Amino acid sequence: MNALPTRRMALVGNEAVALAWKQIRPHVVAAYPITPSTQIMECFSQYVAEGEVDTEFVPVESEHSALSACVGAAAAGARTLTATSSQGLALMHEVLYIASGLRLPIVMNVGTRALSAPINIHGDHSDVMGSRDAGWIQMFARSVQEAYDRTILAVRVAERARLPVMVCLDGFTLTHSLEPVEVYPDEAVQAFLGEGPTGGSSLLDGEPITIGPFALPDVYMEFRKALADAHARALRLLEEETEAFNAHFGRDLPALLEPFEMEDAEDAVVTLGAYADVVEEAVRRWRERGRRLGMVRLVVFRPFPAEELRRVLARTTEVVVLERADTLSGQGGPLGIEVRAALYGLPTPPRITDAIFGLGGRELRDAELDGFLEAGPRGRVVYLGSKEAGDVPEPA
Amino acid sequence: MAARGQALERGPVIPGGSSVAYRTGDWRQDRPVLDLERCIHCLFCWLYCPDSAVLVRDGRVLGIDYEHCKGCGICAAVCPPKAKAIHMVPEGEP
Numbered sequence: 024m025n026a027l028p029t030r031r032m033a034l035v036g037n038e039a040v041a042l043a044w045k046q047i048r049p050h051v052v053a054a055y056p057i058t059p060s061t062q063i064m065e066c067f068s069q070y071v072a073e074g075e076v077d078t079e080f081v082p083v084e085s086e087h088s089a090l091s092a093c094v095g096a097a098a099a100g101a102r103t104l105t106a107t108s109s110q111g112l113a114l115m116h117e118v119l120y121i122a123s124g125l126r127l128p129i130v131m132n133v134g135t136r137a138l139s140a141p142i143n144i145h146g147d148h149s150d151v152m153g154s155r156d157a158g159w160i161q162m163f164a165r166s167v168q169e170a171y172d173r174t175i176l177a178v179r180v181a182e183r184a185r186l187p188v189m190v191c192l193d194g195f196t197l198t199h200s201l202e203p204v205e206v207y208p209d210e211a212v213q214a215f216l217g218e219g220p221t222g223g224s225s226l227l228d229g230e231p232i233t234i235g236p237f238a239l240p241d242v243y244m245e246f247r248k249a250l251a252d253a254h255a256r257a258l259r260l261l262e263e264e265t266e267a268f269n270a271h272f273g274r275d276l277p278a279l280l281e282p283f284e285m286e287d288a289e290d291a292v293v294t295l296g297a298y299a300d301v302v303e304e305a306v307r308r309w310r311e312r313g314r315r316l317g318m319v320r321l322v323v324f325r326p327f328p329a330e331e332l333r334r335v336l337a338r339t340t341e342v343v344v345l346e347r348a349d350t351l352s353g354q355g356g357p358l359g360i361e362v363r364a365a366l367y368g369l370p371t372p373p374r375i376t377d378a379i380f381g382l383g384g385r386e387l388r389d390a391e392l393d394g395f396l397e398a399g400p401r402g403r404v405v406y407l408g409s410k411e412a413g414d415v416p417e418p419a
Numbered sequence: 006m007a008a009r010g011q012a013l014e015r016g017p018v019i020p021g022g023s024s025v026a027y028r029t030g031d032w033r034q035d036r037p038v039l040d041l042e043r044c045i046h047c048l049f050c051w052l053y054c055p056d057s058a059v060l061v062r063d064g065r066v067l068g069i070d071y072e073h074c075k076g077c078g079i080c081a082a083v084c085p086p087k088a089k090a091i092h093m094v095p096e097g098e099p
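Those protein sequences? They're chains A and B, same order as listed.
Going by the numbering used here, the first residue of the first sequence is number 24, and it counts up by one from there.
Going by the numbering used here, the first residue of the second sequence is number 6, and it counts up by one from there.
Since the hints were made in silico from the structure, they are not lab data.
Possibly wrong hints are sitting among the right ones.
[Said to hold, decoys possible] In silico contact screen, one side only, chain B against chain A (beta carbon under 8 Å); selected entries: (1) Arg15; (2) Pro17; (3) Ile19; (4) Pro20; (5) Gly21; (6) Gly22; (7) Ser23.
[Claimed, not checked] Non-contacting residues of chain B with respect to chain A, defined by C-beta distances greater than 12 Å in every case (computed): (8) Arg28; (9) Arg33; (10) Arg43; (11) Leu52; (12) Tyr53; (13) Arg65; (14) Pro85; (15) Pro86.
Just so we're clear, the structure is a prediction, and the values are computed from it rather than from any experiment.
Just so it is clear, CB atoms sit at the ideal spot from N, CA and C, and this is done for glycine as well.
Isolated chain A (complex conformation):
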C-alpha cells in the first residue's frame, strides 16, 4: 500500500516529533523546556545547530513568552511550532486564547502531564483538559507513529482551518517509549505541506495592518461565534485532510474517532490517547470469552465529534469512559461529561460509567481493568485504581 520509500527507525515519541519538525521546516520555533517534552526542543535545537534545518529558533525565558513569540511569528505569516507540558501549558493559558482568537495556525506538541500540586512529572491529561475551551483543535496520538504522523498532519489542518492545533502525546507513555516508526522522505513531507500559511493576514504583506484591536460589545460576540463556527467546520476539514494525508503517505489514520470491534458491540469502552492499546487488548480478551465488548478511541477532543460518537454508541447498553483527568465537579472528567452530553436523548441510551484512572502516571494493569470491566462498581463516577485512604502510607 505504501509506495513511498520510507525508512523504518526506532524512535521515542519526542525524537519522532523533533524529526517531524525538521521535515516540516518551520520558519519559527519558540520553546521552553519542560518534562516530559524537553527532548523535543533538545533534538530540534541540535538539528538547528548542525544546520540541518533553517529555522529561527527562539529560546525564550518562559512558556508565556514561548507562545507569545509564536503568536508574533504566526501573525507575520510564519509556519510556527512549539511544544510544552503541564505547568508550561498552564503558563501559556492566557496566550492560548489569543492564538485562537487571532486565528493563527500555530502547531504545539504537548507531552501530556499531571498538574501541581502535589508536584508530579508523570503522564495524565489534566494539562490539556485545562486548555479544552481555549479554541485550539486537540488531537491525541495513540502511538509514536501517530505522534509523528499527526504532527505533520496538524500543520496542514492548522493552516487550512486557520486554527491553532495541539498534538497531544501521553507523557512518558509515548514521549519516552521507543517504537518503530515509518519515516517519510523530507520531500514527501514538503510536498504535502506546500509553501507555508496562506490566506491569512500577515504583518509582512503590503499595507500595514493592526492584528487584535479592541472589540467592543458591538462585535466581540460575533468574533467568538465565528471561532465556534470554524471549530464546527473543522470536523469535516479534519476528515478531508486526514484522507489527503492517508492518500499521500499510504497510511490509514482515523480522522475523528477509531472504533474497534464496534459492529456488534453491546458494551463499549471510550478512551483517549495511548491507553487505547491497553483497552484494545482487554477487548480481545473479553471477545475470546464471548462478551461483545468494543472500544471507541477518540482522536480529537476539540472539535468534539458528538454526532459520530452518538452513531457508533447508539446500540450499546453499557459504556465505560476511561479517562486521565478530572473536573472535580462530581460529574466526572471532561471526557465523561462530553460523552454523556453527546448521548443524551438517545431513544435507548446506554448506562454510562465514568472511570477516572491513571492520574499522575498511575499504571492501569490488565488484571485491574479486567476486574473492573467484569464486576467493578458502576454509577456516575469511579476513581479506578485509587487506593483506600488507609492504604496510603503516612510520611516518615
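Place chain B on chain A using the hints.
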C-alpha cells in the same frame, strides 16, 4: 454582508494607523501650553510623549497635536527646569 462575514473569518484585523483617526484629544482635562520662545528643542517631550502628540520637524519642536494629546502632563514634567517651556493649564481657562 459577504464582506462582513469574511472580516469575521479573517479574525480581528483592521487597517493600520487607525489610531490617527481616533481623536483622543477630547479626553483631556489639562492642556499643555508650549512657549516656543523658551523651548531649547531638547526633544525630551517628544521622546516621552506616550501619544506621539509633540509635533517635530527637522529636529525642532513645532507645537502640540491637540487632537491626540490626552493631557497627561509628562511633557511638562520632563521639560528641563532651565527651559520651563511647557506648563499645564486646565481646559476652559485661557
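Point to revise | Contradicted hints - numbers only | key: none
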